[in-house]
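Going down the list, the protein sequences come from chains A and Y. For the first sequence, UniProt numbering assigns the number 1 to the initial residue and increments by one for each residue that follows. For the second sequence, UniProt numbering assigns the number 1 to the initial residue and increments by one for each residue that follows.
Among the clues, some could well be false.
[Claimed, not checked] Between beta-carbon pairs, the in silico distance windows are: (1) E145/Y with E27/A: 18 to 24 Å; (2) V6/Y with Q240/A: 43 to 49 Å; (3) E139/A with P22/Y: 47 to 53 Å; (4) E27/A with P22/Y: 27 to 33 Å; (5) A15/Y with L35/A: 41 to 47 Å; (6) A32/A with L77/Y: 33 to 39 Å; (7) S82/Y with R205/A: 27 to 33 Å; (8) P146/Y with E27/A: 41 to 47 Å.
[Unchecked claim] Using 20 Å as the maximum straight-line C-alpha spacing, the simulated SDA-like pairs for lysine to any residue come out as follows: (9) K67/A with G119/Y; (10) K125/Y with E99/Y; (11) K132/A with E99/Y; (12) K125/Y with R208/A; (13) K125/Y with V146/A.
It should be emphasised that the hints constitute simulated quantities derived from the structure, not laboratory data. Here the structure is a predicted model, which is why all the values come from computation and not from measurement. Every residue gets a Cβ at the ideal spot worked out from N, C-alpha and C, and that includes glycine.
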Amino acid sequence: MTRDEAFLQFLLRMGDNTLILGHRVSEWCGHAPVLEEDIALANTALDLIGQTQMWLGLAGEVQGEGKSADDLAFLRDVWDFRNVLLVEVPNGDFGRTLMRQFLFDAWHSIMLGRLMTSSDDRVAAIAAKASKEVAYHLERSGDTVVGLGDGTEESHRRMQEALDYLWPYVGEMFASDEVDAEMAAAGIAPDPASLREEYDALVGRVLRKATLTIPDSRFAHKGGRNGRMHTEHLGHLLTQMQWLQRAYPGATW
Amino acid sequence: MTRASVEQVWEWLDAVPDPEIPVISVVDLGIVRDVAWTGDTLTVAVTPTYSGCPATSVIAMDIETALREHGIDKIRLETRISPAWTTDWLSDKGRAKLEEYGIAPPQPAGGPDRCPHCGSKAVEKVSQFGSTPCKAHWRCKDCLEPFDYFKCI
Chain A
1 MTRDEAFLQF
11 LLRMGDNTLI
21 LGHRVSEWCG
31 HAPVLEEDIA
41 LANTALDLIG
51 QTQMWLGLAG
61 EVQGEGKSAD
71 DLAFLRDVWD
81 FRNVLLVEVP
91 NGDFGRTLMR
101 QFLFDAWHSI
111 MLGRLMTSSD
121 DRVAAIAAKA
131 SKEVAYHLER
141 SGDTVVGLGD
151 GTEESHRRMQ
161 EALDYLWPYV
171 GEMFASDEVD
181 AEMAAAGIAP
191 DPASLREEYD
201 ALVGRVLRKA
211 TLTIPDSRFA
221 HKGGRNGRMH
231 TEHLGHLLTQ
241 MQWLQRAYPG
251 ATW
Chain Y
1 MTRASVEQVW
11 EWLDAVPDPE
21 IPVISVVDLG
31 IVRDVAWTGD
41 TLTVAVTPTY
51 SGCPATSVIA
61 MDIETALREH
71 GIDKIRLETR
81 ISPAWTTDWL
91 SDKGRAKLEE
101 YGIAPPQPAG
111 GPDRCPHCGS
121 KAVEKVSQFG
131 STPCKAHWRC
141 KDCLEPFDYF
151 KCI
């Protein structure tokens, strides 16, 4: 694998994470339990889609085939996506959506912090921009996880169920492979495994405050970030997200 | 035709309102980062506030339209993401206008220092997110009015 090939994979991983999570979160638009939450979810989705434009825009540039961020988002099929499985799982209830957001935001904020010192200026610039937005995402998802976890009997039960369901999807964010080794050697991105300690400390602190118990098992569902095997849910998501470009190729506003 | 001076162009841009908060200009908002001539082409560097802000493309169009009206026909709009936009770049004039309009200007402390309607210091956060990506939703405990707070980033 050449450095540019690895770089492309890395950029697709970053961009596909924000794209797929952004789409998932946007599914709440008009359905959230209260207006303020609806607005907050839509704003979070908007930030993530904006970040996608930067990551996939750069991916298209590095790929050198003249593809735009839109081409990459709307004209690839399931097996070409490189997002972690965590972001493609269905929203579930509001609690599970916010738990997933928190588990992702915590990783995202640590990752972006490291990427701000990337040896590639373009990566560092995108990370600096995105990290400001993600600081707000993390503050909100963390506060909400605490509020609901340490809330009523029902909200606590639902949050614990959400954590039990989602925890096996956490490990994939820290699984290193040859793409990561190449990126770390080039100083472009950190080895994901090196983020785990900081992540466990941050997540542990918030979940303790939320009176929730982290499952013992470190079993991890994998296959998203290398494209080997996505869940069945991603294809369903793409039928919604890509419908217009597939039905009317080249359509523009 | 003689080229307009860079100072003149900045003045024109200061008359282009932000599409979401029309009381302040795109210059007040601090998103116009550079204006420069290269031969007969004018380059304007613009930075987005939030990466997904839907106003960004409208702003680019408004800037181009305004400059064309002033007779500049070769315009290059450059998107510059680094250094990332910060609310420190809001002008003092812009901050004052925001408050007058009912939007509390950003504060380093992370929250508004007073209600933009009645001036009371007794304010509380309703939500970290508001009507646009750049704002949060707050409420005054004295006059009971809700208001937008321009988030500090």
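Is 41 to 47 Å respected by the C-beta to C-beta distance linking A15/Y and L35/A? Given range 41 to 47 Å: violated, Cβ gap about 35 Å.
Holds or violated: the 27 to 33 Å window for the beta-carbon distance between S82/Y and R205/A? About 32 Å separates the Cβ atoms of S82/Y and R205/A, which means 27 to 33 Å holds.
C-beta pair V6/Y, Q240/A: status relative to the range 43 to 49 Å that was hinted: 47 Å, holds
Would you mind confirming whether the straight-line C-alpha gap from K132/A to E99/Y stays at or under 20 Å? This hinted pair is violated, its Cα atoms lying about 24 Å apart.
Given pair status - G119/Y, K67/A, alpha carbons within 20 Å: Not OK: K67/A and G119/Y at ~52 Å, beyond 20 Å, violated.
At the C-beta level, are E139/A and P22/Y separated by a distance inside 47 to 53 Å? Roughly 29 Å apart at Cβ, these two residues miss the hinted range, so it is violated.
Between E145/Y and E27/A, does the C-beta distance stay in 18 to 24 Å? 33 Å Cβ-Cβ, so the 18 to 24 Å window is violated.
Taking 20 Å as the top limit, are the C-alpha atoms of K125/Y and V146/A close enough? 17 Å, holds
Assuming the hint says 33 to 39 Å, is it satisfied by the Cβ distance from A32/A to L77/Y or not? 36 Å, holds
Could you tell me whether the CB distance from P146/Y to E27/A stays inside 41 to 47 Å? 27 Å, violated
Given the hint that K125/Y pairs with R208/A, does the C-alpha gap stay at or below 20 Å? At roughly 24 Å apart (the allowed maximum being 20 Å), R208/A and K125/Y break the hint.
Does E99/Y lie within 20 Å of K125/Y when you go C-alpha to C-alpha? 17 Å, holds
Hints 1, 3, 5, 8, 9, 11 and 12 from the list above are not met by this structure, while the remaining hints are.
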